[in-house]
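K.L.:
Hints in hand, dock the two standalone chains.
Top to bottom, those sequences are chains E and Y. Counting along the first sequence from 1, when you hit position 120 you're at 120 in this note's numbering, and nothing is skipped either side. Counting along the second sequence from 1, when you hit position 134 you're at 1134 in this note's numbering, and nothing is skipped either side.
FYI, nobody ran anything at the bench for these hints, they're computed from the structure. There could be a bad hint or two in this list.
[Said to hold, decoys possible] As a list, the in silico DSS-like pairs of lysine-lysine whose alpha-carbon atoms are at most 27 Å apart:
no., chain 1, residue 1, chain 2, residue 2
1, E, Lys-31, Y, Lys-1134
2, Y, Lys-1070, E, Lys-31
3, Y, Lys-1070, Y, Lys-1134
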Amino acid sequence: MLDDKQPDALPDPLDVWSDEVFDVLLAADIKHVVYVPDSGHARLIERAIAEPSIKATVLTTEEEGIGVLLGAWLGGERGVLLMQSSGAGNCTNTLSLVQSCRFPFLTLVTMRGEWAEFNGWQKPMASVTEQAFELMDVLVYRAEQTDEAAELVSAVADTVFNGDLAAAVLFSQRMIGRKEWAK
Amino acid sequence: MNLDSSGTLDRRKVVPELLQDRGDLLVVTGLGSPAYDAMAAGDHDANYYLWGGMGSAITIGLGLALAQPKRPVLVLTGDGEMLMGLGALATTGAKHPRNLSVAILDNERYGETGMQLTHTAHGVGLAEVAKACKFDHTEVITEMDEIAPFRQQLQSTDAGLRFAQIKIKAENVEKVLPSRDGVHIKNRFRAHLGFQPL
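Isolated chain Y (complex conformation) (with noise of 0.2 Å):
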């Protein structure tokens, strides 16, 4: 199979760079590569990993943005996810919490079933359509050193929404799986944040 793209990132090394030093950032990963990936970087608490409930990621995000406005919130998920869910960014861009990012890892495939071609593959601009949704920054980022200044974004609470559209190799890497086990996901996470289990 043909896996050129237009991307050229690592997409191993764009996460744990994203993700290193994350003080306070909660964060929700799409199903698939974007979980494994963050899972790779390392497990943590205040992750949540979906395994379902494909184009939802940003609205959890969104959910969790505005139930918590004190602590920054990545969505960190893939282009076919986030495609799946197109008409959350005009919901996110409404209600414009100030403490949520979207991070999308863009390799133009869609990975989990066989690296078929997303919309992405065929011009369609993820970033631009997040801007006129009224995400307040919006970048395609093609380099590695354009990763550290987008982390520093993701730290703040009152920066308004960003979105960085990720250019990725096209490429297999090993899957790195985090616990399939909603349940206890949810409950960690929430524990994270001093709530308890009913």
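Just chain E, with the same shape it has in the complex (with noise of 0.2 Å):
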């Protein structure tokens, strides 16, 4: 009976929608997960970890993500990286390896500092991600609702590996929900 179900019991609205844009990952032929961890992020890392097909490589600093997807694909194969929106100026000199190797450059961003944040030394660089990645040449795709997200990274995956380009997703705080600071 519906009474009975315990509130805990309902799938948390973020896996649901991590779910969907893991299997695109997967559809994508995606086998190299690397990442700076974030909230949002989370149940993506954490099914990566566990996919067998799929080699996720913990980062120290955003743009050390950019050099191994470029050493990945001299192997041929494909990878993403996901970050914050944090992440995005600490990226700006090396993608000048997207540029002068071109190479297919797929990155997911989680926006913070836009919606019910908490902590406003997160404003400066989200206020900007967008002319960061822009600055060099990377596409910006936004996605405001959950359920658009995996749609939109399945286009953008296309986009990228079919033609050589270079793109993020961006994840609106919104989707994130709002970070509980008083526990």
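P.N.:
So this is what it looks like as structure tokens:
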């Protein structure tokens, strides 16, 4: 009976759309998930680590992921870089590899500093995340709603891997949900 | 300028000695002198030369080693380039591919920019950092006869992570330039492994 269900038995909305995105990455033949953790990427990271066909690599800073993905591509494999918006600025010079060597580059970025943000220190980089990528000729797409995430990632992955292009998909902070600070 | 450094080895003798009989070895070089050294030793389709992205040689080597576990991979770079990506030693140690070696040509200088002192000139130990980052075999090479034993280790795809800090003289040598066309080098490298351009 529905009334007997505990609220915590319902799936976390973040897990639902993250699982949809993960299925898209598998379908796109992604073999490398390289990441700097973010709570919004927690489910994707967990799935990547558990998936035998994927090599999951934790980075100390986001720009390392650009090198790892270039190396993987030299070796014939596709990958994706997961980061939060604060990492976009760290990547700027290393993104010159994407232009100079022209290889398919896909990054999924969870936004901070834009919706129900407790920590104002996230705002400076968040407010220029799109521009930071665009400065380095990385195409930027943005998902606002959870139900559009998987379709957008799928479409952008096609663009990247069919066209030898570089693109970032930004996930709005609203999709991630309010972070609890009081606990 | 005072070019005293603690190293005595000749980089143009060290690198040919490292790369002779290279077999299946895939090589990624850092930008600047290590790229010229590799080129001087003989251009090769399985060489990937960087001209930018300083600090990325080791991360590219890591991605390549993970994607090509049956091929041995060598990252050949300088002390300054390695220092810019020092955190990547931790990333590489944590992921721990077993087919990757890193050789640092350590002249204790930023050679491309006018031979300014690097951190190794101030006593920072790169091989010690690598050891702390879970590299299985680390050494500081100061004599030519130590190169051949390290070269033999390069061929292994299951010996774990290897790291050699090779103490070379601080000197300006002839620049032997590889292609600066990153797309060409990328396509050539991938073709060597059997992958076609898009």
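K.L.:
Does Y/Lys-1134 sit within 27 Å of E/Lys-31, going by the straight-line distance between their CA atoms?
P.N.:
holds (24 Å)
K.L.:
Is the Cα-Cα distance between Y/Lys-1070 and Y/Lys-1134 27 Å or less?
P.N.:
Holds, at roughly 21 Å.
K.L.:
Is the Cα-Cα distance between Y/Lys-1070 and E/Lys-31 27 Å or less?
P.N.:
At roughly 16 Å apart (the allowed maximum being 27 Å), E/Lys-31 and Y/Lys-1070 satisfy the hint.
Hint compliance for this structure: every hint is met.
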